[in-house]
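Visitor: Since the structure of chain E is already known, use the hints to place chains G, L and B on it.
Protein chains: 4
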Amino acid sequence: MHRTAQHKHSSQPMEPRDPQWQEKVRGSFARQKVMTLIGAELVDVRPGRCEIHLPFRDELTQQNNYFHAGIVATVADSAGGYAGFSLMPPGSDVLTVEYKLNLLAPGEGERLVAIGEVVKSGRNLVITRGEVYAVNHGRSIHCATMQQTLMTMRDLAKEKQV
Amino acid sequence: MHRTAQHKHSSQPMEPRDPQWQEKVRGSFARQKVMTLIGAELVDVRPGRCEIHLPFRDELTQQNNYFHAGIVATVADSAGGYAGFSLMPPGSDVLTVEYKLNLLAPGEGERLVAIGEVVKSGRNLVITRGEVYAVNHGRSIHCATMQQTLMTMRDLAKEKQV
Amino acid sequence: MHRTAQHKHSSQPMEPRDPQWQEKVRGSFARQKVMTLIGAELVDVRPGRCEIHLPFRDELTQQNNYFHAGIVATVADSAGGYAGFSLMPPGSDVLTVEYKLNLLAPGEGERLVAIGEVVKSGRNLVITRGEVYAVNHGRSIHCATMQQTLMTMRDLAKEKQV
Amino acid sequence: MHRTAQHKHSSQPMEPRDPQWQEKVRGSFARQKVMTLIGAELVDVRPGRCEIHLPFRDELTQQNNYFHAGIVATVADSAGGYAGFSLMPPGSDVLTVEYKLNLLAPGEGERLVAIGEVVKSGRNLVITRGEVYAVNHGRSIHCATMQQTLMTMRDLAKEKQV
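Residue numbers (our numbering), protein chains in the order written: chain E, 8 to 169; chain G, 8 to 169; chain L, 8 to 169; chain B, 8 to 169.
Because the hints were derived from the structure by calculation, they are not lab data.
On a predicted model such as this, the values are computed, not experimentally measured, just so you know.
Even for Gly, the Cβ is constructed at its ideal location relative to N, Cα and C.
Some hints here could point you the wrong way.
[What the hints assert, rightly or not] Beta-carbon label-pair distances, calculated as ranges: (1) G:A37 / L:R130: 26 to 34 Å; (2) L:E48 / G:P26: 52 to 60 Å; (3) L:R161 / E:N72: 36 to 44 Å; (4) G:P96 / E:R53: 52 to 60 Å; (5) L:R130 / G:D51: 30 to 38 Å; (6) L:P97 / E:R24: 50 to 58 Å; (7) L:R161 / G:Q29: 29 to 37 Å.
Just chain E, with the same shape it has in the complex (with noise of 0.2 Å):
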């Protein structure tokens, strides 16, 4: 006879490994323009987690004005990327290798809320979970889910080598 497991996630190591983790990650998203050009905020961090939002504009949006599907993935890919690079050794860069989002619902509504969360931190590869919401007259709805990997560039001169 089987009882059903209980099976948790590997227990991460949640700990940056770079003191300088909270500065780092805000430089870095400071310095994206194209992260100002669409109005996203990074509205909090933690070690090995990330939450960027972004507030609806026009500009942002499809041929039926919901919020276009690659600004779901953009608020994805850095809330992921973020997350990751939160737990990455000093002197290292993050570079996203790939990613696959599914989108489940229209991006409709007053925001995007994206979050980011790392799955598995490994040596050279950081593998992480994002889901975006679309918050709609405060209700909010789950948009997108993203599966994504990450690479820690430990030199920086060897930037475009994947």
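Guide: Using the frame of chain E, we list chains G, L and B on its own:
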């Protein structure tokens, strides 16, 4: 000033639409001969959730004597597929449209445990998440994570069309 | 003895089902305000193929002054989406179900070129491939590759349902 | 006025870095017991390309007597993995980081043919594409398409770390 929002996944009605959901899932699993070939067991199924176990066998390995990634994927895909199938209406079948799998750690141990869960159950498409754990000397290691899209095939005669 | 087989992709009928396919695609593109915001141009559209160009602008960059990955994804997603839309029947709309994007090289240069092509056009789902090139001093570097699932939305009133 | 650009994939140096590349690939394939279990054959391997065939067997099927999606994925993953491994330096091993697979048509027929090809061979990561065809009464149907990320494991003692 921002407060960090509390966002929950849109609460899905994890209500089965087919009163025969359990027999349907168990019957379909029993007809998948590849499950018999590899020795997979359907340990638990609930509306929107499915758990499959796979005991180690030498013939399921890759070159380093771990579970082969294809086998890890097979149980992840099946767990996600049956999680989704449990919610589908009578007379329908389930089709995997696509999935994306990250391998997080070697599949090393005496058993694989794959858990599939529905993230969003739409009219035509069902999005699931799958997690695979390798149980090694009783300790559970998170070895793979999957994001999957399923399709509800309403008219079984049209099954070949995606 | 084996001979290496010659296998071609199943020859898709890349016949548009809507005689207005070109106007439909160009009209939809024109209504995507985010394309105007970033400065993307619909350079070429044919049945099952779409090409979008994006000239460099400082405000589209990440922290190293390359095109931001989210922008790369936005043009890849749109190129794939319009490649698929060009084959869809009259009265339908296109919805991105999901995509997966690998970033191959930094988006460095004076222009991005995104090319979307249909791999399989099914009754409900359309699978596409997208390639993005960064043109740097006239030299074209393959900087991203995408695999995407689209859905044909037949009844526009049901657009919110996936 | 725009001309449609001609863009080629960045021409990869598909030069093997290991003179023993062919023996290495064939030896690793032979040690994968799951390949023997399912009856897969390594039909052709070249630098950056690998072709695997799998004859139909009743025990490889799902509930409708087609090849099970997990089996389709297993041969796609292996074909991509060995395409990448053929280009890796001496003393290294290959690890699948992740892949994404779209199922395009049922795996119905007397044989599966999986072809893996390298899209980009980087210092640490190798990106591949895999296509699977089902040969049915001699006619080849494109039944799956895969996008995959591999990692070069330089120091085999570190194999468990990703």
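Visitor: Is the gap between the beta carbons of L:R130 and G:D51 within 30 to 38 Å?
Guide: holds (35 Å)
Visitor: Take a look at whether the Cβ-Cβ distance between L:P97 and E:R24 falls inside 50 to 58 Å.
Guide: holds (57 Å)
Visitor: Note whether the CB distance of L:E48 and G:P26 lies within 52 to 60 Å or breaks it.
Guide: holds (55 Å)
Visitor: Please check whether G:A37 and L:R130 have a Cβ separation lying inside 26 to 34 Å.
Guide: holds (30 Å)
Visitor: Does the hinted range 29 to 37 Å hold for L:R161 and G:Q29 at CB?
Guide: holds (33 Å)
Visitor: Kindly confirm whether 36 to 44 Å is satisfied by the beta carbon distance between L:R161 and E:N72.
Guide: Violated, at about 21 Å.
Visitor: Go ahead and decide if the range 52 to 60 Å is satisfied by the Cβ distance of G:P96 to E:R53.
Guide: Given about 42 Å between the Cβ atoms, the range is violated.
Checked against the numbered hints above, the structure violates hints 3, 4; every other hint is satisfied.
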